[in-house]
Amino acid sequence: MSRVYQMTFEGGLWKMWRDAPGFDQRFSGKFGDDGRTIQASWAKSLDNETWEHDFDLIYTKVA
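Each residue of the sequence shown is one higher than the one before, starting from 1 at the first, in the working numbering.
Keep in mind that a hint or two might mislead.
[What the hints assert, rightly or not] Lysine-lysine pairs mimicking BS3-like chemistry, simulated, CA-CA at most 27 Å apart:
id: 1; residue 1: Lys61; residue 2: Lys15
id: 2; residue 1: Lys61; residue 2: Lys30
id: 3; residue 1: Lys30; residue 2: Lys15
id: 4; residue 1: Lys30; residue 2: Lys44
id: 5; residue 1: Lys15; residue 2: Lys44
Hint data in this document are derived by calculation from the structure and do not stem from the laboratory.
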């Protein structure tokens with residue numbers, strides 16, 4: 001299985017999305033002021049109209 005996402009990065013906001021019949025996805029991540037963290041979340045839709053929060057995550061640069 002593979003998935004292809006479109007992506008943008010502008011003004012400290014990282015967005016990814018995938019429009020696929022029956023399972024659309026969206027990602028939104030905001031870079032922290034310290035440049036070491038990204039607070040992000042994923043959403044999903046089965047009909048491309050009703051969106052449901054999927055999960056949150058935090059990326060942290062450790063080195």
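- Query: Between Lys30 and Lys15, is the straight-line Cα distance small enough, at 27 Å or below?
  - Reply: 9 Å, holds
- Straight-line Cα separation of Lys30 and Lys44 no greater than 27 Å? 18 Å, holds
- Item | Hinted pair Lys15 and Lys44, Cα distance within 27 Å | 14 Å, holds
- Are Lys61 and Lys15 close enough, with their CA atoms no more than 27 Å apart? 19 Å, holds
- Message: Lys61 and Lys30 were given as a pair; does the straight-line alpha-carbon distance stay at or below 27 Å?
- Response: Roughly 14 Å separates the two Cα atoms, so the pair holds.
Going through the hint list in order, the structure satisfies each hint without exception.
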